[in-house]
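Engineer: For chain V, the structure is supplied; the task is to place chain U on it using the hints.
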Amino acid sequence: MAESPYAVEARGLVKSFGSNVAVDGVDLTIPRGGIYGVLGPNGAGKTTAIRMLATLLRPDAGEAWVLGRDIFTEPKAVRERIALTGQFASLDEDLTGMENLILLGRLLGFTKQDARRRGKDLLTAFGLAEAADRQVKKYSGGMRRRLDIAGSLIVTPEMMFLDEPTTGIDPRSRNQVWDIIRTLVAGGTTILLTTQYLEEADQLADRIAVIDHGRVIAEGTPGQLKAQVGAGALKVRLADQAQRERAAEVLERRLGSVVIREKDAVALTVRLGEGAGTTPALNALEELGLEVESFSYGQPSLDEVFLALTGKPAETQNDDAEPDAERVA
Amino acid sequence: MSQTSIRSEHGGSAEAARIQRVLLPADQRPSPSGPISGSVTFGWRALLKIKHIPMQLFDVTIFPIMMTVMFTFIFGGAMGAIVSGTGQTGGPAVSEYVQFFIPGIFVQTLIMITMYTGVTLNKDISKGIFDRFRSLPIWRPAQLVGALLGDQVRYGLAGTIILTVGFLVGFRPVGGLLGVLAGFVLLLVCSFCLSWVWTMVSLLMPSEEAVMGVSMTIIFPLTFASNIFVPTETMPGWLEGIVEANPVSVLVSAIRELMDGTFDPGSIVSVLIYSAVVVAVFAPVSMYLYNRKS
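These protein sequence lines are chains V and U, in that order. For reference, each letter of the first sequence is one residue, going 1 to 329 in my numbering. For reference, each letter of the second sequence is one residue, going 330 to 623 in my numbering.
The following block holds chain V by itself, in its conformation from the complex:
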């Protein structure tokens, strides 16, 4: 069989549960290697889409190939090449970490001895050696997630599905998971990652598909997605919040685009179109006596991309904490 250049090719995937159409015609083309992010809010259909590609769920319509194998006619060939790490740790809580890995190792065809050795190596590499003989229910969220990923690496998958790998874990563990993911990619594994967090997609993914209401509403590199929204954004902070409404009107008129009134009562964000001159607009504020405390100009964040694409803001991870601060913590 000729090896397909794509890790995933999916056309028109549909899945309904009763009257609820969870996935409504999803097309995906994912190249081999690298990290592909599927971004969307809760209930957008991300998990359902992944479960179909991982052969856990049979689509109602459409067609899809994973690593060149048809998910309908060659599910076993697909399963031989993939690994799945679920949103809720796919581990046996009652067993110990070691027993979980031996179980999976035995199922994948290792002898009991080899499975134990493999388990030991993985537990050591993932910093879980001390917890090897502890029941998983006594693990912390971060430990579980690491064991879960270790369980997916007993044999190296060509493709790994990570369904919200950092949902509900602390920032330190999240950074560890990110490091692990980058390591896997360096080893040649293709990663399909779902996330509700824009920051995560922006940090990790080479390409992103934005899913909402079971459909792909945008696709491209993070840079392309940002470019779709406009040249960038102007953020203005005023000295006096009473002046904000007037300032917003001025900016709207001058720059000809929508002004977002931020939660912070003195802040305004303006998405800029091509070639909009910001200096005259800022000067106009000054002339009217609307005092600008500070302003910044930058590429739009994925948050703004999401807002522009779906008309509603995306959920964000740790709204008020800076990512760098978390990393040090």
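Do not take every clue at face value.
[What the hints assert, rightly or not] Each computed BS3-like pair below joins lysine-lysine, with the alpha-carbon atoms no more than 25 Å apart:
1) LYS622(U) to LYS456(U)
2) LYS452(U) to LYS138(V)
3) LYS120(V) to LYS378(U)
4) LYS235(V) to LYS263(V)
5) LYS378(U) to LYS137(V)
6) LYS378(U) to LYS452(U)
7) LYS622(U) to LYS378(U)
8) LYS622(U) to LYS452(U)
9) LYS112(V) to LYS378(U)
10) LYS456(U) to LYS76(V)
11) LYS138(V) to LYS120(V)
12) LYS137(V) to LYS456(U)
13) LYS120(V) to LYS137(V)
14) LYS138(V) to LYS380(U)
15) LYS380(U) to LYS456(U)
16) LYS378(U) to LYS456(U)
17) LYS112(V) to LYS76(V)
18) LYS137(V) to LYS380(U)
19) LYS380(U) to LYS112(V)
20) LYS456(U) to LYS138(V)
21) LYS76(V) to LYS622(U)
22) LYS380(U) to LYS120(V)
23) LYS138(V) to LYS378(U)
24) LYS112(V) to LYS137(V)
25) LYS452(U) to LYS380(U)
26) LYS452(U) to LYS137(V)
[As the list claims (entries may be wrong)] To give an idea of the chain V side of the interface with chain U (calculated C-beta under 8 Å), a few residues:
27) LEU108
28) ASP121
29) PHE126
30) THR183
It should be emphasised that the hints constitute simulated quantities derived from the structure, not laboratory data. For glycine and all other residues, C-beta sits at the position ideal for the given N, C-alpha and C.
Structural biologist: Just chain U now, kept in the frame of chain V:
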């Protein structure tokens, strides 16, 4: 930002290097487990769960003792009078009844316990681990077959307890140890086959409670409208026919015969046919439901 200093603080790069080293090269990958080794591995998992949660053995230890002792002493005095045909109640009647009743309660209890297989499976399948199992390149029925194999240990334990209690209250099978063992094996085979019914129920029902409810509704009439507790001759004519056709009665008769030292190939064959039919119907249905479970 000083990425490197931050990374070394949580050991990121060192960990990454360690992980990189343990990744298995593609040519060292074994071929996945087959149907038998896969089922045995899942059976091992079930045993590990018993080891870690010994409380789940409550239903297969206390319950059989309770049932055997209660029925023997409460009903034995009255029932023994009929079973023995002497009309005499009280102590002697109890020992008469024990000979009749122990093989029956043996079957009753094990059938009751097979129900917990479904309840456990329903809880288990709803967890993330089954997603992982289903994404492995293995023989899919192994996940269910293994669970049922592991439950054989529970059934074996319960059976041993009943027969031991039976012996203590005076059960002396004419068929001796060999007859008892033959009856035991036959019952384990039937329990394994019957478990497929609860497997299907557990895949159809949304919760453990629902599985329990449905299973009870099936098990109660099936075991009480049988020859477990009373000889069928004592029943009204119209009921006698129904009760004698009940597969549970057929099973109990076959086991009574084996323990009594009378070996009737006919009844054993009918039991095995019933069992085979149950598996032939419910195992494929269970697998169909399992493969399509969302």
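Engineer: All hints are to be evaluated individually against the structure, with a verdict given for each.
Structural biologist: Comparing the hints with the structure gives:
no.	hint	in the structure
1	LYS622(U) to LYS456(U)	12 Å, holds
2	LYS452(U) to LYS138(V)	19 Å, holds
3	LYS120(V) to LYS378(U)	21 Å, holds
4	LYS235(V) to LYS263(V)	13 Å, holds
5	LYS378(U) to LYS137(V)	13 Å, holds
6	LYS378(U) to LYS452(U)	13 Å, holds
7	LYS622(U) to LYS378(U)	24 Å, holds
8	LYS622(U) to LYS452(U)	14 Å, holds
9	LYS112(V) to LYS378(U)	18 Å, holds
10	LYS456(U) to LYS76(V)	22 Å, holds
11	LYS138(V) to LYS120(V)	19 Å, holds
12	LYS137(V) to LYS456(U)	13 Å, holds
13	LYS120(V) to LYS137(V)	19 Å, holds
14	LYS138(V) to LYS380(U)	16 Å, holds
15	LYS380(U) to LYS456(U)	20 Å, holds
16	LYS378(U) to LYS456(U)	15 Å, holds
17	LYS112(V) to LYS76(V)	23 Å, holds
18	LYS137(V) to LYS380(U)	15 Å, holds
19	LYS380(U) to LYS112(V)	19 Å, holds
20	LYS456(U) to LYS138(V)	17 Å, holds
21	LYS76(V) to LYS622(U)	17 Å, holds
22	LYS380(U) to LYS120(V)	21 Å, holds
23	LYS138(V) to LYS378(U)	15 Å, holds
24	LYS112(V) to LYS137(V)	24 Å, holds
25	LYS452(U) to LYS380(U)	18 Å, holds
26	LYS452(U) to LYS137(V)	16 Å, holds
27	LEU108	6 Å, holds
28	ASP121	5 Å, holds
29	PHE126	7 Å, holds
30	THR183	4 Å, holds
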